[in-house]
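Fit chain B to the known structure of chain A by using the hints.
Protein chains in written order, with this note's numbering: chain A, 1 to 329; chain B, 1 to 329.
Treat the hints as calculated values from the structure; they're not laboratory data.
Just so you know, same-sequence chains aren't split out, so a pair can sit in one copy or run between any two.
Heads up, simulated SDA-like pairs for lysine to any residue below, C-alpha to C-alpha not over 20 Å straight-line: (1) K288 x R19; (2) K101 x D16; (3) K268 x S317; (4) K196 x E139.
Protein chains: 2
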Amino acid sequence: MITRASETDEYIQTLDANRTVILTDHNVEQLVLPKFAALSPFRRICIAAGEASKCQETVNTILHQMHQLGMDRNSILIGLGGGVVTDLAGYCASIYMRGIKVIHIPTSLLAMVDAAIGGKTGINTAWGKNMVGTFHQPEAVLYKPEVLNTLPERHLKCGFVEAWKTFVMCKPNEWRELTFPLSEAQIADVAQTKLKLVEEDFREQNKRAWLNFGHTIGHAFEHLYHQSHHLLHGEAIAWGMLAEMYLFDANQDLLLFWENWVVNNIPKLPYTPLDKERILHLMQADKKSKDGTLHFALPYESGSAVVPQNVESVSSSLDRMWKKHLSKA
Amino acid sequence: MITRASETDEYIQTLDANRTVILTDHNVEQLVLPKFAALSPFRRICIAAGEASKCQETVNTILHQMHQLGMDRNSILIGLGGGVVTDLAGYCASIYMRGIKVIHIPTSLLAMVDAAIGGKTGINTAWGKNMVGTFHQPEAVLYKPEVLNTLPERHLKCGFVEAWKTFVMCKPNEWRELTFPLSEAQIADVAQTKLKLVEEDFREQNKRAWLNFGHTIGHAFEHLYHQSHHLLHGEAIAWGMLAEMYLFDANQDLLLFWENWVVNNIPKLPYTPLDKERILHLMQADKKSKDGTLHFALPYESGSAVVPQNVESVSSSLDRMWKKHLSKA
Chain A
1 MITRASETDE
11 YIQTLDANRT
21 VILTDHNVEQ
31 LVLPKFAALS
41 PFRRICIAAG
51 EASKCQETVN
61 TILHQMHQLG
71 MDRNSILIGL
81 GGGVVTDLAG
91 YCASIYMRGI
101 KVIHIPTSLL
111 AMVDAAIGGK
121 TGINTAWGKN
131 MVGTFHQPEA
141 VLYKPEVLNT
151 LPERHLKCGF
161 VEAWKTFVMC
171 KPNEWRELTF
181 PLSEAQIADV
191 AQTKLKLVEE
201 DFREQNKRAW
211 LNFGHTIGHA
221 FEHLYHQSHH
231 LLHGEAIAWG
241 MLAEMYLFDA
251 NQDLLLFWEN
261 WVVNNIPKLP
271 YTPLDKERIL
281 HLMQADKKSK
291 DGTLHFALPY
301 ESGSAVVPQN
311 VESVSSSLDR
321 MWKKHLSKA
Chain B
1 MITRASETDE
11 YIQTLDANRT
21 VILTDHNVEQ
31 LVLPKFAALS
41 PFRRICIAAG
51 EASKCQETVN
61 TILHQMHQLG
71 MDRNSILIGL
81 GGGVVTDLAG
91 YCASIYMRGI
101 KVIHIPTSLL
111 AMVDAAIGGK
121 TGINTAWGKN
131 MVGTFHQPEA
141 VLYKPEVLNT
151 LPERHLKCGF
161 VEAWKTFVMC
171 KPNEWRELTF
181 PLSEAQIADV
191 AQTKLKLVEE
201 DFREQNKRAW
211 LNFGHTIGHA
221 FEHLYHQSHH
231 LLHGEAIAWG
241 MLAEMYLFDA
251 NQDLLLFWEN
261 WVVNNIPKLP
271 YTPLDKERIL
281 HLMQADKKSK
291 DGTLHFALPY
301 ESGSAVVPQN
311 VESVSSSLDR
321 MWKKHLSKA
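Excised from the complex, chain A in its bound form (with noise of 0.2 Å):
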């Protein structure tokens, strides 16, 4: 269920738990939190803002605040925040007491149209990006497009990305219709997009894989340059959908278009092929790989479909993104 705007704080007011608690991050707290009016009578665990709370030790502290503050398997916990919250509170969630009911409210662009739809949950490990984590499905998606206004571009264009790449993948006839910035029918739309799809594939066996599209070079290209260049996930996302585009005969029109968007709106990738190495076998320890093959995700002209690709050709397509876009000065 995705519930907007106006209807957010009666959703809130009629929910019916013995406890209700906020997860959210101090940012949020500080800049979001105070326009939910609806919100103000919960109580709340804060993590730090950022990637780096999405681990275990961040973890253990929110399952033991969430035990002193009395909470059941009644009770529910709200993610108020972007996706780094959202994938933390639908995983304690999941775990705590054996499961018990989250709700989103989204509060980045990335969030609203991606990462808190689908109940994919997960945190980080040393080894790896969304290694732990679970399938838990969030009884509501809330949201009030206005708390865009306090987010910066480049992160509205990281959400944009996610956005693009869902039409893409899913309504491959009306991907030229979506532009920058989305309007808020747009932000309602990619999110039921993206939540029809998972319905008929929670668990990922088959359809809901297309949504991986660009998410298995941009994950190596997040883990390698995320701290180092402060890349952001939609922008590891938007190099990966361009490199991956590379591996096959891609309708020209989709490929001009995101190779415009994407040197025009997103930094400048810092790969050089010294990186190569690094990349591919970042890949090949994927969550997605199946035993060293890489998949891919990819919108054929005929239909998105998700196939396997040899190493030689995803080196090529790096090859390609490399000459074309990031060798020039």
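For chain B alone, kept in the frame of chain A given last:
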């Protein structure tokens, strides 16, 4: 799916996974693993035996080793051991890469008839038993009753306690037929009886909660006396069932049988009225409590049911247990 004895090795040989890894403990590795020739090709992760391993630190170590052994979403984890091992194997499998397949090979009677059946997984935390966990149904539960030959009688009796509980709650006309030691056919019958109930109510919204008979008070006994007096889980549950029978007008045959069996087969509970406050407090923090109200699964003559009880009744039933069975030398 539950398979026994002769078919176990055959089933293992048909497993078609890119990596199959055994989780076990050092005792089981030495005493029981050699009895399963079909398991010899597989790599293993070995933990310290005992309830103290059911914690987050062990989970971290297991997950890391799963990664180092190259396990991915198409791999299978086999939990070979007692309830501690099968609970950990189920939990780690449920959160590794958002869930992989698990197969249990219980090697204690308690795990064969109870812990390994039904997909409840979990670890203990500083604030309580099984407070973190998931529901993750195993692909199969395999067993060989002959491995019980290495088990001390005290542990066999713990298995009998849970077996008797399942029959009392689910087959109220057949509990008289269960006597210690259980036959192989009875072990299979109890396991199937539990599995049938679980399949009707996997997430314990309803009837599955019947299996908590004895566990509301029993978990508090276990928490208090496990380390100080080496009380085993099944022994705590045996006394817990007895104390919970004093909460209501139990069937006299049932009560007399259980009073006799517990007094003659289970070590005396170290409870004294000085511990009462702590026991009541521990129960209120349990997962099964709803907003502080205690709920008990009880075997009424008219049919099993889960009912709330006030603290005064619980206090009286503890008094009755104390006076009748524990206060004398």
